[in-house]
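Peer 1: Quick mapping for you: the protein sequence lines, in order, are chains H and C. Residue numbers for the first sequence, in the working numbering: 1 to 363. Residue numbers for the second sequence, in the working numbering: 1 to 310.
For the record, the hints were derived by calculation from the structure and aren't laboratory data. If you're wondering where the values come from, they're calculated on a predicted model, not measured in any experiment. Take every hint as true, because none was put in to throw you off.
Pulled from the structure, derived: some chain H residues nowhere near chain C, Cβ distances all over 10 angstroms:
id, residue
1, LEU7
2, ILE21
3, SER124
4, GLY180
5, VAL219
6, LEU253
Below, computed lysine to aspartate or glutamate pairings styled on DMTMM-like, alpha-carbon distance capped at 20 angstroms:
id, chain 1, residue 1, chain 2, residue 2
7, H, LYS13, C, ASP306
8, H, LYS297, H, GLU229
9, H, LYS349, C, ASP306
10, H, LYS13, H, GLU235
Partial pick of chain C residues on the chain H-facing surface, computed with a CB cut under 10 angstroms:
id, residue
11, THR83
12, VAL91
13, ALA222
14, PHE270
15, MET273
16, TYR276
17, ILE280
18, ALA286
Cβ atoms here follow ideal geometry from the backbone N, Cα and C, with glycine treated the same way.
Below are the chains, spelled out letter by letter.
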Amino acid sequence: MNKQSQLTLTLEKRLAPSRWISFLVPTISVAMALLFGAIFLLMTGHDPLKVYEIMAEGAFGSKYGLSETVVKSIPLMLTGLGVSIAFKMLLWNIGAEGQLYMGAFAASWVALSFPDASPGFLLSAMFLAGFLGGALWGLLPALPRAFLGVNEVITSLMLNYVAILWVDYLVYGPWKDPKGFNFPLTAPFTPSADLPTFFGTRIHLGLVVALAAAAILNVVLWRTRWGYEIRVIGESPAAARYAGMNIARNILLVMFLSGGLAGLAGMTEVAGITHRLQHGISPGYGYSAIIIAWLSKLSPGAVVLVSFLLGALLVGGYSIQSSGLPAATVSMLQGAILFFVLGSEILTKYRLVLVRRGERRAN
Amino acid sequence: MDQMLLISILAAAVTSGTPILYAALGEILAERSGVLNLGLEGMMLVGAVSGFMAAVKTSNPWLGLMVAALAGGVLALIHAFLTINLRANQVVSGLALTIFGTGLSGFLGKPLIGIPAPQTFKPVTIPLLGKIPLLGPILFQQDYLVYLSYLLVPILWFYLYRTRPGLHLRAVGENPAAADAMGVGVFSLRYLYVAVGGMLAGIGGAYLSLAYAPTWLENMTAGRGWIAIALVIFSMWDPVRALLGSYLFGGVDALGFRIQAVGAMIPSFFLNMLPYIFTILVLILATREGSRRGAAGPGALGLPYDREER
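Okay, chain H solo, but in the shape it has when bound (with noise of 0.2 angstroms):
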């Protein structure tokens, strides 16, 4: 056979990211997952068809799961939002947890310190005690990242840890409520710091402030000069800097906002979900953040959508842990969609083409 008629498939590069891929990516790896997913139960002995009948019934087939569906997916935008912010500027806060339990206390710090005070007066200063108590989680990695160029991927995370521990120390200590039975939690908060709820379900309003803060962030991003900065700034740190932007100030902002959303879900976990403060508030919703930011490609409107789908995934994993099957087969899945998203994507860059061996294209 001649070797010069061999047909090789190559990649080549597009002139501009294809519209409609950058639409289809994420739909097909979502597929493509539970495709892997079916593929994995079954070899493990289970009936795949059943288990995603069962997650699917489980979220969305009554009031309860889908109203329960939006409920996990509030947590799941605020930090969705804060991670995609700070991802956008390529600053890798993996500490979307520890900033959510940070902010679960210093809310509940507010809650259980000033049991007599209004509602009004209450909730307003455990929304600003809960998205600071997370922004200056996120600030400690930020500062040694913009002054020294520490590896925040390592510290931000690290954080998580002892913010966990930080707050089972007082759930297991000194907060613990003496009526609790010995079990990790403080006493319930009074009934002027919960939030309200819509509908007769426990959906609160921490999903108006979730969407707000999506709005409001697509507002910053596209239309200010500080949106502009970080877009640049994640594009081309060597353009940013050349056009006089001051980056370390911006890895303070950034970080300060990114920790404060998710510092704001945990406040609402606490005043909408738990009314107290508890051992575990969070099933891993700042890991979960870190899929929800790429998968809807650091775009606030499309948090709010893909937030919405994990959360479907999370309580379809609660319905079929009663079936038998580890809580853990939902984090499996997770990973394997950002594997899948993140293996098609070179699809919106480049196009496959076939090209005979010994030929260059032409451009």
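We have chain H already, so just place chain C on it with the hints.
Peer 2: Quick look at chain C alone, frame taken from chain H:
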């Protein structure tokens, strides 16, 4: 502090440093080839659970170790395919690997929770060396996996700095275009070292479930994969410095345990924070030191290699 206590703390430092050391040595190889793999935590967990599972099935810890290495290597290949062939973002792919590995290990390990390991790696005193005062009980009354790591460190050091394949490895991570022009296979070498890195992470995980604990617990690595990544930066990508660093981290870990055992009045939650806070502090110091010396890691670390952009 009396001598017995000191010896026991130092010996425990070596034991708790060993799983971090294996993972860090693997990461040094991958990063030296230019691929950052933040999936260590996930690969260690899957190594821990699969090694434990194989040891339960076969009652042979060595078979468990091999299965763990294989599992870690296979997971690393996913990362290799995504980042090397498909040029995916290395940070995000590594995070995906950690999330996936955490879930997979939890899934596979559910029936194994609470089972004791049938056969574990137990301390074996080396004749003569084990009798040296002080050093003997600290270094030479350990298990085989610790001894294996003693051998691995100088071998890797020699390989990296004194052999031709080691030179190629460093070239691929430092300047892939130049290495490519020299006829070194950038893609195949990166594949190789990412896979070997994953195998070592798997072994590090199996050390936890087959020697350190020795049992399976969900999320039993407790951040050790991330500490290993910090250790790689601290070690300036040098296996010998990684050995010293891992015992330092192991020492902090062990110290927390001993303080508790002595019955000091510090709540255990604060003692458990020590390794994480220590990691952050060390990372800050190491980064300052590194930038002063101009050693900021392999030149092409984290960048996909695109032949057309040469």
